[in-house]
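Undergrad: Here the protein sequences come in this chain order: A and B.
Residue numbers for the first sequence follow full-length UniProt numbering, so the first one is 1 and each next one is one higher.
Residue numbers for the second sequence follow full-length UniProt numbering, so the first one is 1 and each next one is one higher.
Just so you know, these hints were derived from the structure itself, not from any lab.
Just so you know, these numbers come straight off a predicted model, no measurement behind them.
Hints may contain errors.
To be verified - List of simulated lysine to any residue pairs, SDA-like, C-alpha gap at most 20 Å:
1) B:Lys-3 x A:Thr-7
2) A:Lys-179 x A:Glu-94
3) A:Lys-2 x B:Arg-30
4) A:Lys-2 x B:Asp-31
5) B:Lys-156 x B:Asp-55
As the list claims (entries may be wrong) - Here chain B is said to cover these stretches of chain A; the calculated rule only asks that three of the stretch's residues, wherever they fall, bring their Cβ under 8 Å from a Cβ of chain B:
6) 5-11
7) 104-117
8) 186-198
Heads up, the beta-carbon is just placed ideally off N, CA and C, and yes, glycines get one too.
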Amino acid sequence: MKAAPFTLHRPATVEEAVSLMARYAEDGGLVLAGGQSLTPMMALRVAYPPHLVDINNVAGLDSLTAGEGYFGIGATVRHARFHRPVPEAGRLGEVLATVVRHIAHYPIRQRGTFCGSLAHADPASEWCLVAATLDADLRLVGEGGERLVPVSEFIDGAMSTVREPEEILVEARLPLLAKEVRFGFYEFNRRAGDFALGMALVVYDLDGGVMRNVRVGLGGIEEKARRIGVAEAALEGQAASAEAFAAAAAATVDDVEAMEDATTSQAYRRDLSGVVVRRALEASLDTDTRGTE
Amino acid sequence: MDKQSLQLTVNGEAHDIRVEHRKTLADAIRDDCGLTGTHVGCEHGVCGACTVMVDSRPVRSCLMFAHQAAGCDIRTVESLADGDDLHPLQQAFIDNHALQCGFCTPGFLMLVAGAYENDPDIEDSELVELLSSNLCRCTGYQNIIKAVRSVSGQLKARTTEKA
Numbered sequence: 001m002k003a004a005p006f007t008l009h010r011p012a013t014v015e016e017a018v019s020l021m022a023r024y025a026e027d028g029g030l031v032l033a034g035g036q037s038l039t040p041m042m043a044l045r046v047a048y049p050p051h052l053v054d055i056n057n058v059a060g061l062d063s064l065t066a067g068e069g070y071f072g073i074g075a076t077v078r079h080a081r082f083h084r085p086v087p088e089a090g091r092l093g094e095v096l097a098t099v100v101r102h103i104a105h106y107p108i109r110q111r112g113t114f115c116g117s118l119a120h121a122d123p124a125s126e127w128c129l130v131a132a133t134l135d136a137d138l139r140l141v142g143e144g145g146e147r148l149v150p151v152s153e154f155i156d157g158a159m160s161t162v163r164e165p166e167e168i169l170v171e172a173r174l175p176l177l178a179k180e181v182r183f184g185f186y187e188f189n190r191r192a193g194d195f196a197l198g199m200a201l202v203v204y205d206l207d208g209g210v211m212r213n214v215r216v217g218l219g220g221i222e223e224k225a226r227r228i229g230v231a232e233a234a235l236e237g238q239a240a241s242a243e244a245f246a247a248a249a250a251a252t253v254d255d256v257e258a259m260e261d262a263t264t265s266q267a268y269r270r271d272l273s274g275v276v277v278r279r280a281l282e283a284s285l286d287t288d289t290r291g292t293e
Numbered sequence: 001m002d003k004q005s006l007q008l009t010v011n012g013e014a015h016d017i018r019v020e021h022r023k024t025l026a027d028a029i030r031d032d033c034g035l036t037g038t039h040v041g042c043e044h045g046v047c048g049a050c051t052v053m054v055d056s057r058p059v060r061s062c063l064m065f066a067h068q069a070a071g072c073d074i075r076t077v078e079s080l081a082d083g084d085d086l087h088p089l090q091q092a093f094i095d096n097h098a099l100q101c102g103f104c105t106p107g108f109l110m111l112v113a114g115a116y117e118n119d120p121d122i123e124d125s126e127l128v129e130l131l132s133s134n135l136c137r138c139t140g141y142q143n144i145i146k147a148v149r150s151v152s153g154q155l156k157a158r159t160t161e162k163a
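Here chain A stands alone, though its shape is the one from the complex (with noise of 0.2 Å):
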């Protein structure tokens, strides 16, 4: 249980790290941030790359930003930074202190980080789900330059992404909510820090009592996180009620292609899906509007 040898290198600027990178990522080197998958996946030996860029002490990297209408967080801030909600973030900072507590657990919360889990981009990721409902930009740095690269374009099945071996993803840029915003988070497993099983993120404007620009967000249960169409559909312009709750689930079950692993069957992770969307629509009826009215 002890990682395979490897050489770790720890530069101080992203232009250092993009060069070792270069260098050492055509060989399996790879980017440690938290380490808190990673780590684990070498003292396994599922994983041994030869070398590690260590980016912990890059300058710059730990920061959140409040930019053009979006929130950035860059690659080595820790999930703990979300326990309380972050000011600056206003509605997205509630809706991240509610999901993170579902993250593991505490003390690998204090290590492990947003960026990290969306370059691994395991199918269970929390935030990996919260990226893909709310349709997120992460910017990528490589030798030849930056991109910025849609959610949903960026993670292309379970545990894999478009990212080119020697890119670092820097950045995440979710967009900011407005304060009126509904938004309801569900997650089931089966103990508290366990991957989940299956969980839903929403996120609705209440207009004239009706739900508009309606994102449902679907993770754990197929390959990658995604927002939901159909569920979409069948709430939009409806009130926010048990029976469009109800219809929504459906949908959701009806579009589905559920995955299946040695403890879980496909049929009960296909209708997991549509569980874990009507609880999630029911928690989005208790959003703290308090002050928005």
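Once you have looked at the hints, place chain B on chain A.
TA: Below, chain B alone, put in the same frame as chain A:
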């Protein structure tokens, strides 16, 4: 692979050591700094026995490489007592029979002490979730919860005083 030099600061004391890049912080604390209070259980971040504080944050020291902790302020379970005076949390574990074999205890102590330093306003309902971070296979959770609850006010006060 070659061993490389580094300095670890553990409980305020500098340790000049030479270890391979692949050596975890947990192993370096035990083998190279000679502080065996930190226990190593699963070695892949599940059990929490190796929990220590790095720059005031409770983390799993098997999920960090020793070289990553160079320049950081590391605190282990040996830092809790002041000579023969136990930390209130240690005394509470004794008083509430919150340990049997004791293997998991250093990890639980550092987890709870670290959590109250960072989040002194931790709610009672969050406490159970917090304690589920670490594994105790003597099934001592009820007594661990009891022990922590009995001193939560004191732990909060210690953090507030420092701030």
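Undergrad: If a hint holds in the structure, say so; if it does not, say that too.
TA: Hints, one by one, checked against the model:
Taking the CA atoms of Lys-3 of chain B and Thr-7 of chain A, the gap is near 11 Å; set against the 20 Å cutoff, the hint holds. Annotation: proposed proximity of Lys-179 of chain A to Glu-94 of chain A holds, straight-line Cα distance about 10 Å (limit 20 Å). Taking the CA atoms of Lys-2 of chain A and Arg-30 of chain B, the gap is about 15 Å. The hint holds against a cut of 20 Å. For the given pair, Lys-2 of chain A sits about 14 Å from Asp-31 of chain B by alpha-carbon distance, which is consistent with the 20 Å threshold.
Taking the CA atoms of Lys-156 of chain B and Asp-55 of chain B, the gap is near 19 Å; set against the 20 Å cutoff, the hint holds. For a cut-off of 8 Å, the count of residues in the stretch 5-11 of chain A with a CB near a CB of chain B stands at 5, and the three-residue condition holds. Here the stretch 104-117 of chain A counts 6 residues with a CB under 8 Å from a CB of chain B, which clears the bar of 3, and the coverage holds. As drawn, the stretch 186-198 of chain A meets chain B at 3 residues by the rule of a beta-carbon pair under 8 Å; at three or more, the given contact holds.
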